[in-house]
Each structure stands twice: as C-alpha cells, then as structure tokens.
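Colleague: Here the UniProt record's numbering is used: the first residue of the sequence shown is 1, the next is one more, and so on.
Hints in this document: simulated from the structure, not taken from any laboratory.
Here are the simulated lysine-lysine pairs, BS3-like style, with alpha carbons at most 30 Å apart:
hint	residue 1	residue 2
1	Lys109	Lys120
2	Lys139	Lys122
3	Lys22	Lys49
4	Lys109	Lys121
5	Lys134	Lys120
6	Lys11	Lys22
7	Lys121	Lys134
8	Lys11	Lys109
9	Lys127	Lys139
10	Lys122	Lys134
11	Lys49	Lys11
12	Lys122	Lys109
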Amino acid sequence: MSHSIFDERPKHLPPEYELEEKFILTGGPGGQHVNRTETGVQLRFDTRKSARLSPEVRERLLVLAGSRADQHGVITIEARSHRSQHRNREEARERLAELIERAHQRPRKRIPTRPSRTAKKKRLDAKRQRSSTKRQRSKPRLED
1 MSHSIFDERP KHLPPEYELE EKFILTGGPG GQHVNRTETG VQLRFDTRKS
51 ARLSPEVRER LLVLAGSRAD QHGVITIEAR SHRSQHRNRE EARERLAELI
101 ERAHQRPRKR IPTRPSRTAK KKRLDAKRQR SSTKRQRSKP RLED
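Construct the entire structure; sequences and hints are all you get.
Modeller: What follows is the structure in structure tokens.
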C-alpha cells in the first residue's frame with residue numbers, strides 16, 4: 001500500500017481551508033490525453049491569512065519563496081511534472097511543506113572571526129608580489 005500526503009500530513013503543511021488549488025493544462029508526453037485534461041496543479045497559500053505562522057516565520061517564508069510569492073504575500077507553487085493529477089497535488093503540497101519547514105528553522109548567527117597571522121602574512125606577500133610584477137612592467141625611470 002502506498003502512502004500519500006493525504007494519509008499522513010506533514011507537520012508544517014497548512015490546513016486544507018488555507019490552501020487554494022487550481023488545475024491547469026500541462027505539456028509533455030501523453031498525446032491527446034495531456035491536451036484535454038488539467039493534470040497540473042497550481043497551489044496557492046496566502047501567508048497573511050494563516051494564523052499558524054508567526055511574523056518572523058512568515059517573513060523568512062516569503063524570502064525563501066522568492067519569485068513564487070507575490071507582493072500580497074500569496075505563495076504560488078506549480079506542479080506539472082507528473083501525468084497524474086493526484087501525484088501533482090501531492091508534489092505541490094510536499095514542496096509547500098518543505099518550504100514552510102525551512103522557514104521555521106532559524107538561521108544561525110554568524111560568529112565573526114579574525115584572520116590568522118599566517119593569513120595576514122600570505123595576503124601581504126601576495127600584495128607585494130603583485131606590486132613588484134606591476135612595477136617591472138612599467139618603463140624604467142631615469143633617476144637624477
């Protein structure tokens with residue numbers, strides 16, 4: 001028995017009433033069938049109306065969504081790689097759940113470090129070498 005996303009909902013997937021689905025035509029192999037049936041899925045999720053997202057998570061989610069999010073905070077995910085509408089629905093939901101899960105993870109704070117003595121020495125040696133190379137390329141000057 002195969003498990004689908006409808007059997008076991010991922011932890012971060014919003015409830016059904018917060019999701020809006022639209023079925024669209026898809027291209028690719030399938031002949032006449034693919035031209036006549038709307039197997040592709042366009043899943044829309046309005047982050048502003050979701051009570052389950054904190055403002056910080058919502059902000060990270062919109063950044064992670066990139067061009068999939070519009071200026072009103074609605075994320076649109078399209079799934080059209082499968083011939084089956086059911087499988088495309090699963091894939092769209094999986095991708096949304098994964099995006100929300102990544103948004104829930106707080107980014108690690110960077111701990112600033114100083115360059116080591118060896119790194120500084122290497123950098124200065126490289127600068128001296130470049131300076132020397134450029135000096136050798138120039139025309140010789142007559143010293144008074």
